[in-house]
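Enquirer: Spelled out, the chains give:
2 protein chains.
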Amino acid sequence: MRPNVQAAKDALAHLDIETSDAAIRAKSRDFFWYSPVLKDRLDHIEADFVVSPKSEAEVIEVLRTCYEHDCPVTTRGAGTGNYGQAMPLAGGCVMHLQRMNAVKKIAPGRVVTEPGVLLKDLDAACKEHSGQEIRMFSSTWATATIGGFIAGGSGGVGSCTWGSLRDLGNIIRLRVVTMEAEPRVVEFRGEELARVSHAYGTNGIITEIEMPLAPAYDWVGMFIETDDFMDAARFAEELANEDGILIKLATVFEAPVAHDYFQRVKPYVSPGSNLVGLMVAPHSMDGFLTFLGRRPEAKLIYRSDDHAWARDPGPVFEYGWNHTTLRALKVDPSITYLQVRYGFPEHLNLIERMRNELSPEVLQHLEVLRENGKVMFAGLSLVKFTSEERLDEIVRLHEEAGAMIFNPHRYTLEEGGRQSVDDRQLAFKREADPKGLLNPGKMIAWDDPDWDYKAMYAYPKMQAAE
Amino acid sequence: MRPNVQAAKDALAHLDIETSDAAIRAKSRDFFWYSPVLKDRLDHIEADFVVSPKSEAEVIEVLRTCYEHDCPVTTRGAGTGNYGQAMPLAGGCVMHLQRMNAVKKIAPGRVVTEPGVLLKDLDAACKEHSGQEIRMFSSTWATATIGGFIAGGSGGVGSCTWGSLRDLGNIIRLRVVTMEAEPRVVEFRGEELARVSHAYGTNGIITEIEMPLAPAYDWVGMFIETDDFMDAARFAEELANEDGILIKLATVFEAPVAHDYFQRVKPYVSPGSNLVGLMVAPHSMDGFLTFLGRRPEAKLIYRSDDHAWARDPGPVFEYGWNHTTLRALKVDPSITYLQVRYGFPEHLNLIERMRNELSPEVLQHLEVLRENGKVMFAGLSLVKFTSEERLDEIVRLHEEAGAMIFNPHRYTLEEGGRQSVDDRQLAFKREADPKGLLNPGKMIAWDDPDWDYKAMYAYPKMQAAE
Ligand SMILES: Cc1cc2nc3c(=O)[nH]c(=O)nc-3n(C[C@H](O)[C@H](O)[C@H](O)COP(=O)(O)OP(=O)(O)OC[C@H]3O[C@@H](n4cnc5c(N)ncnc54)[C@H](O)[C@@H]3O)c2cc1C
Ligand SMILES: Cc1cc2nc3c(=O)[nH]c(=O)nc-3n(C[C@H](O)[C@H](O)[C@H](O)COP(=O)(O)OP(=O)(O)OC[C@H]3O[C@@H](n4cnc5c(N)ncnc54)[C@H](O)[C@@H]3O)c2cc1C
Numbered sequence: 001m002r003p004n005v006q007a008a009k010d011a012l013a014h015l016d017i018e019t020s021d022a023a024i025r026a027k028s029r030d031f032f033w034y035s036p037v038l039k040d041r042l043d044h045i046e047a048d049f050v051v052s053p054k055s056e057a058e059v060i061e062v063l064r065t066c067y068e069h070d071c072p073v074t075t076r077g078a079g080t081g082n083y084g085q086a087m088p089l090a091g092g093c094v095m096h097l098q099r100m101n102a103v104k105k106i107a108p109g110r111v112v113t114e115p116g117v118l119l120k121d122l123d124a125a126c127k128e129h130s131g132q133e134i135r136m137f138s139s140t141w142a143t144a145t146i147g148g149f150i151a152g153g154s155g156g157v158g159s160c161t162w163g164s165l166r167d168l169g170n171i172i173r174l175r176v177v178t179m180e181a182e183p184r185v186v187e188f189r190g191e192e193l194a195r196v197s198h199a200y201g202t203n204g205i206i207t208e209i210e211m212p213l214a215p216a217y218d219w220v221g222m223f224i225e226t227d228d229f230m231d232a233a234r235f236a237e238e239l240a241n242e243d244g245i246l247i248k249l250a251t252v253f254e255a256p257v258a259h260d261y262f263q264r265v266k267p268y269v270s271p272g273s274n275l276v277g278l279m280v281a282p283h284s285m286d287g288f289l290t291f292l293g294r295r296p297e298a299k300l301i302y303r304s305d306d307h308a309w310a311r312d313p314g315p316v317f318e319y320g321w322n323h324t325t326l327r328a329l330k331v332d333p334s335i336t337y338l339q340v341r342y343g344f345p346e347h348l349n350l351i352e353r354m355r356n357e358l359s360p361e362v363l364q365h366l367e368v369l370r371e372n373g374k375v376m377f378a379g380l381s382l383v384k385f386t387s388e389e390r391l392d393e394i395v396r397l398h399e400e401a402g403a404m405i406f407n408p409h410r411y412t413l414e415e416g417g418r419q420s421v422d423d424r425q426l427a428f429k430r431e432a433d434p435k436g437l438l439n440p441g442k443m444i445a446w447d448d449p450d451w452d453y454k455a456m457y458a459y460p461k462m463q464a465a466e
Numbered sequence: 001m002r003p004n005v006q007a008a009k010d011a012l013a014h015l016d017i018e019t020s021d022a023a024i025r026a027k028s029r030d031f032f033w034y035s036p037v038l039k040d041r042l043d044h045i046e047a048d049f050v051v052s053p054k055s056e057a058e059v060i061e062v063l064r065t066c067y068e069h070d071c072p073v074t075t076r077g078a079g080t081g082n083y084g085q086a087m088p089l090a091g092g093c094v095m096h097l098q099r100m101n102a103v104k105k106i107a108p109g110r111v112v113t114e115p116g117v118l119l120k121d122l123d124a125a126c127k128e129h130s131g132q133e134i135r136m137f138s139s140t141w142a143t144a145t146i147g148g149f150i151a152g153g154s155g156g157v158g159s160c161t162w163g164s165l166r167d168l169g170n171i172i173r174l175r176v177v178t179m180e181a182e183p184r185v186v187e188f189r190g191e192e193l194a195r196v197s198h199a200y201g202t203n204g205i206i207t208e209i210e211m212p213l214a215p216a217y218d219w220v221g222m223f224i225e226t227d228d229f230m231d232a233a234r235f236a237e238e239l240a241n242e243d244g245i246l247i248k249l250a251t252v253f254e255a256p257v258a259h260d261y262f263q264r265v266k267p268y269v270s271p272g273s274n275l276v277g278l279m280v281a282p283h284s285m286d287g288f289l290t291f292l293g294r295r296p297e298a299k300l301i302y303r304s305d306d307h308a309w310a311r312d313p314g315p316v317f318e319y320g321w322n323h324t325t326l327r328a329l330k331v332d333p334s335i336t337y338l339q340v341r342y343g344f345p346e347h348l349n350l351i352e353r354m355r356n357e358l359s360p361e362v363l364q365h366l367e368v369l370r371e372n373g374k375v376m377f378a379g380l381s382l383v384k385f386t387s388e389e390r391l392d393e394i395v396r397l398h399e400e401a402g403a404m405i406f407n408p409h410r411y412t413l414e415e416g417g418r419q420s421v422d423d424r425q426l427a428f429k430r431e432a433d434p435k436g437l438l439n440p441g442k443m444i445a446w447d448d449p450d451w452d453y454k455a456m457y458a459y460p461k462m463q464a465a466e
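Residue numbers (the UniProt record's numbering), protein chains in the order written: chain A, 1 to 466; chain B, 1 to 466.
If we strip away everything but chain A, and leave its shape as in the complex, we get (with noise of 0.2 Å):
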């Protein structure tokens, strides 16, 4: 099997195709450079061609002709994801579904749409619509696709609430597209959505998604300072308890990152301030000030629909989620960060230790998330990086106290994960993609079935850097 990609390329020549050669790099690239590590490894990587195809039956053109030519098609939403998930490792296509933005259908609870709308838009279309929005979305909201989402992300904002995308019940529908010699359109419900969400596009492509939706209100968005760590900690966590107060998003900063690395909320904090970011149903505002004044160690600093900041901050989950990890990084280029799983009941404690471990090379970013029914953390730790060497010896510490890392240093989904194959997910590959042209070197389990995970795996067939 050699690639013939300029013969694609020629073939697919009436559809919108990409020529300049700036552009083709700037769509091969996504935000892995967030990872010292992976920007060690991915910055060459670029595709031969980019197409953006207009509808189901482009995109079943683009996937025949390329599977004909044995020319691998790797998918971009909008190219926001921090793994490299949407890296042509082995270059040849880069499929961009922007065009692909239709919202088709929404009704109470639930909307029908194409995979390349960007959240924001989505939100926009189903709240003008019926006062609607999707549970939960990546922090992200603002630049990426839905499709991207389902494909690339696992959760985010509004997760506090309705748990991971993975959960029962957060995707209804999706309609996939095969590469095959005559590519197939399925459609999967239940059981059969794990086959292909989060699976970074390797083994279908999702050309419209159904969704359950939650009321929009005006989220009022907040933030609260304590002087103790665990004091910030434990007040998300019990407000998040709260089953009469809604709330949207509960993210927790150490100090010093609110004062070091949050531009516009600097001049009203100091370098001792412990951060509670907050989105709270505007009619749980008083369930909410109630709760708060239970707690004078927590003082509320700004709340978006009644302050007096010069500047105003914009919308707080975008101070939240990965946005946490960006502001830190344009301050300070050495930071990096760790995944990880604090789980119920253990959750305070483990944090507690590691925070007493590493401190302040390591700082807590905590996000409200439930599991299972529970309020627990995921952290986003924010980590100054000095060596590959010290980050694993970091990882290691996390994983021996029972802290579950999710390594964002590594752009195949076993590494990502759990370090084990999904079956379903390797099983549904080789239906669906057996000359394994979809977003080649992203799964393992298809490239080398007996890797043990000792090392970092490396790609075999990755583009060579120049």
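Honestly, I wouldn't trust all of these hints.
Because identical chains share one entry, a pair is satisfied inside a single copy or across any pair of copies.
With a Cα cut of at most 30 Å, we get these calculated DSS-like pairs of lysine-lysine [to be verified]:
hint	residue 1	residue 2
1	Lys127	Lys105
2	Lys104	Lys374
3	Lys104	Lys127
4	Lys39	Lys374
Hints are computed from structural coordinates only; laboratory data are not their basis.
We have chain A already, so just place chain B with the ligands on it with the hints.
Expert: Structure of chain B with the ligands alone, referenced to chain A:
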């Protein structure tokens, strides 16, 4: 202080006053007869007159006039309470709020209403206006008022998601009229709500209510059958812990409740069938069926949106909460019930233990409830009544095991609750009802601060039985 009831009645003659003896008797009664203990003690109780104010101004007039003549006032919503909450123990005036039923304002996430509207009419107005409904309702939705629910109830259908009425955020604002020489109108929010909510109208009359709303969906009612009781309990708990599956009800019935007491269900079950009753959002049905598919021990026997039952069983929620007792009572008048708290994390162990010790004298009926963010169970156990002594013994067995009992065979706030004075309610009664004329006999702390709860309280000024 000698009540001059006739003078009060005469002074109010220009209002809507009930004159027929039969009507007065009917409006002096609630569902106290659920309890054989209360039936023995309250059956003879009757008001002297019934007045139905049409506005807050008329409420004020009734309270001012009755205050002047030392006439007791017991407020009535729809009289569906089942602890004798609305029984006018000292006679006098029953103030019936059925005419104060205007829904005043509906906005995203909230409604402002008068107290006398039926729960079902309130929901109809909110649904019609903007596809919304109240977060939780008593299973007497079709017959009870929102004012009576707040003053006399505690939670119900929806509490599996939103917790109880008492939880922060589940009531936004109450407007209350006091009973003084010149009644005052006060507005309560936040911490102050606890003064009058669930106070049986002993310290103020609620004339306006602001409640949070949730989206209204065409909930799918279902019955699930299992052979093993604990399988049914686990099914309900695990479903409620699925963060992505939106439910409004999860209720569990030990065999042979479904077969013996649910007439329209009977043809489809056997005496050994344990049953789970559910309400699931339509857009969560895919997720739910996936959940169900993982549990071969559970069999879906009815879904409201797709069934071939000869006789429609009606809303599934009318099998749950206190409707279970009602259905059992209709078949077997010797049945009564207890209210039990099976708290997280010991809930399943406690349930199993109580069942081993007491079934079938006590049959388990469980309601999934959220408390402090955790899924647990409220028990509304069906009890085969033999004697008051045995009932007290059963209460004791629960309490010794660590399962708290809210005794529904008592008509006072304290004995139906945690057997302790609510200082906030008592303090507000001192301010708002200095003569002690509001719903007399329901707050022991007012009548007899030194009462020791060893025996059942007997209100000394209760009307003598003829
Ligand atoms: C600052 C920042 C904050 C972030 N916060 C979050 C967060 O809160 N939660 C979170 O989950 N992620 C987060 N991310 C990661 C990422 O932004 C999100 O997952 C985002 O939703 C990805 O969408 P995208 O359109 O950019 O997808 P892309 O990056 O373009 O694609 C992601 C993956 O999905 C595949 N893909 C895209 N579309 C399809 C399709 N239609 N069919 C099949 N495969 C497809 C791609 O091949 C790629 O493997 C963050 C990233 C950054 C940089
Ligand atoms: C079959 C059955 C099922 C039930 N299920 C539930 C359930 O699921 N959950 C639950 O919580 N309860 C339940 N109950 C109890 C009761 O039906 C509810 O609490 C109901 O909401 C009471 O409303 P109501 O209008 O009938 O109030 P009423 O019975 O008329 O009054 C209740 C109490 O509130 C006072 N009151 C009424 N209106 C006002 C006002 N405006 N201001 C001040 N005080 C006032 C009355 O004086 C009385 O003390 C059930 C009862 C039955 C018989």
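Enquirer: What hints, given by number in increasing order, does this structure fail?
Expert: 2, 4
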